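*Asks:* Sequence:
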Amino acid sequence: MLPAGRLWLRRVMSGVAAAAELPPPARRWLVAGLGNYGMQGTRHNVGMAVLNQLARRLDVADQWKKERRCCADLAVARVGETELLLLNPRRLMNVNGHSVAQAAKMYTLQAEDVYLVHDELDKPLGKLAMKLGGSARGHNGVRSCINCFSSDAMPRLRVGIGRPTHPEAVERYVLGRFTEAERERLPRLLDEAAELLLSHILQRSPERTDGTKGPRPSAPRAPSTC
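Residue numbers (the UniProt record's numbering): 1 to 226.
Calculated from the structure, these hints are not laboratory results. The structure presented is a predicted model; accordingly, all values stated were derived computationally and were not measured. Be aware that a few hints might be false.
As the list claims (entries may be wrong) - SDA-like mimics (lysine to any residue), calculated; alpha carbons at most 25 Å apart, straight line:
(1) 105 <-> 41
(2) 105 <-> 127
(3) 127 <-> 150
(4) 65 <-> 133
(5) 66 <-> 78
(6) 65 <-> 40
(7) 105 <-> 162
(8) 66 <-> 90
(9) 131 <-> 77
(10) 105 <-> 150
(11) 131 <-> 180
(12) 127 <-> 106
(13) 123 <-> 133
(14) 127 <-> 66
(15) 105 <-> 151
(16) 127 <-> 140
(17) 131 <-> 65
(18) 105 <-> 52
(19) 127 <-> 41
(20) 123 <-> 171
(21) 123 <-> 74
(22) 131 <-> 195
Stated by the list, open to error - Distance windows between CB atoms, simulated:
(23) 166 <-> 60: 39 to 45 Å
(24) 180 <-> 204: 35 to 41 Å
(25) 168 <-> 92: 27 to 33 Å
(26) 106 <-> 152: 17 to 23 Å
(27) 203 <-> 179: 30 to 36 Å
(28) 59 <-> 184: 22 to 28 Å
Even for Gly, the Cβ is constructed at its ideal location relative to N, Cα and C.
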């Protein structure tokens with residue numbers, strides 16, 4: 001019987017060998033959950049909650065790593081030949097774009113290779129919608145990303161949180177926590193959001209047909225470092 005130390009080393013080396021056997025991905029996407037770092041459970045952070053649910057679905061929930069180069073938590077998942085870079089910024093919402101753009105630069109990705117997941121005031125709780133680029137529609141986290149990429153081409157999953165009755169209560173509302181009744185609906189909502197997001201990504205991830213392996217060639221222009 002092997003000593004505990006040698007047994008642990010053998011398991012680690014086996015994991016490294018298994019990872020090394022994976023071919024390079026045919027397609028790579030960056031998927032970012034927008035929110036305020038350290039404010040879990042608030043309506044404004046529902047995008048990060050969706051990312052956490054997606055990580056659980058892809059069996060990488062225990063693989064989040066702090067990535068200092070882009071000031072974010074990062075987990076990497078593979079679905080067939082598609083690689084997903086899951087990212088939760090370690091910044092406030094208004095400057096999330098710095099983390100997202102820097103991560104895209106690290107992996108040589110362009111704005112159209114980046115999915116944003118964020119809360120949406122103009123949709124009721126439980127309503128989900130995909131948006132293929134366009135304006136920020138008043139969302140500060142999306143605006144930050146648009147400014148840092150100098151592009152609005154990022155596809156987005158908008159997760160409805162509803163809007164308060166009084167306009168002056170919006171800030172307090174989005175920074176507040178879900179009510180008990182809303183929390184009862186959250187597990188199903190997060191599961192449906194992760195399912196829609198993953199389905200949309202995989203539909204846009206055809207395997208390469210040119211006989212080569214590796215990520216799709218990127219356009220020459222790199223995103224701004226903001």
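*Asks:* Does each hint hold? Answer for all of them.
*Replies:* Comparing the hints with the structure gives:
Between residue 105 and residue 41 the alpha-carbon distance is near 30 Å, which puts this suggested pair outside the 25 Å criterion. Using a Cα cut-off of 25 Å, the hinted pair residue 105 and residue 127 is violated, with the two alpha carbons roughly 32 Å apart. For a cut-off of 25 Å, the pair hint linking residue 127 to residue 150 is broken: about 29 Å separates their Cα positions. The straight-line distance between the Cα atoms of residue 65 and residue 133 is roughly 28 Å, outside the 25 Å bound, and the hint therefore fails.
Of the pairs offered as hints, the one joining residue 66 and residue 78 holds, with about 19 Å between alpha carbons and a cut-off of 25 Å not exceeded. Distance hint between residue 65 and residue 40 is fulfilled; the C-alpha atoms sit about 17 Å from each other, no more than 25 Å. Restraint check: the Cα-Cα separation between residue 105 and residue 162 comes to about 34 Å, which exceeds 25 Å; the hinted pair is violated. About 9 Å separates the Cα atoms of residue 66 and residue 90, which keeps this hinted pair within 25 Å; it holds.
Note on residue 131 and residue 77: the hinted pairing holds, with a Cα-Cα distance of about 23 Å set against a maximum of 25 Å. For the proposed pair residue 105 and residue 150, the alpha carbon gap of about 13 Å is at most 25 Å, so the pair holds. For the proposed pair residue 131 and residue 180, the alpha carbon gap of about 29 Å is over 25 Å, so the pair is violated. Between residue 127 and residue 106, the direct Cα distance comes to roughly 33 Å. Violation of the 25 Å bound is thereby established for this hinted pair.
Restraint check: the Cα-Cα separation between residue 123 and residue 133 comes to about 18 Å, which is no more than 25 Å; the hinted pair holds. Simply put, residue 127 and residue 66 have alpha-carbon atoms about 31 Å apart, too far for the 25 Å limit, and the pair is violated. This hinted pair checks out: residue 105 and residue 151 have alpha carbons roughly 14 Å apart, not beyond 25 Å. About 20 Å separates the Cα atoms of residue 127 and residue 140, which keeps this hinted pair within 25 Å; it holds.
As the CA atoms of residue 131 and residue 65 are separated by approximately 29 Å, the hinted pair breaks the 25 Å bound. For the suggested pair residue 105 and residue 52, the alpha carbons sit about 23 Å apart, so the restraint of at most 25 Å is met. The hinted pair formed by residue 127 and residue 41 meets the criterion: a straight-line CA distance of about 18 Å does not exceed 25 Å. Annotation: proposed proximity of residue 123 to residue 171 holds, straight-line Cα distance about 16 Å (limit 25 Å).
Pair hint residue 123 plus residue 74 does not hold up; C-alpha atoms about 28 Å apart against a cutoff of 25 Å. Annotation: proposed proximity of residue 131 to residue 195 holds, straight-line Cα distance about 16 Å (limit 25 Å). Checked against the hint of 39 to 45 Å, the pair residue 166 and residue 60 passes, with Cβ atoms roughly 41 Å apart. Distance hint check for residue 180 and residue 204: the Cβ-Cβ separation is about 37 Å, which falls inside the suggested range of 35 to 41 Å.
Here the CB-CB span from residue 168 to residue 92 is close to 21 Å, at odds with the stated 27 to 33 Å. Hint check: residue 106 to residue 152, Cβ distance near 21 Å, so the stated range 17 to 23 Å holds. For residue 203 and residue 179, the hinted distance range of 30 to 36 Å is satisfied, since their beta carbons lie about 34 Å from each other. Distance hint check for residue 59 and residue 184: the Cβ-Cβ separation is about 26 Å, which falls inside the suggested range of 22 to 28 Å.
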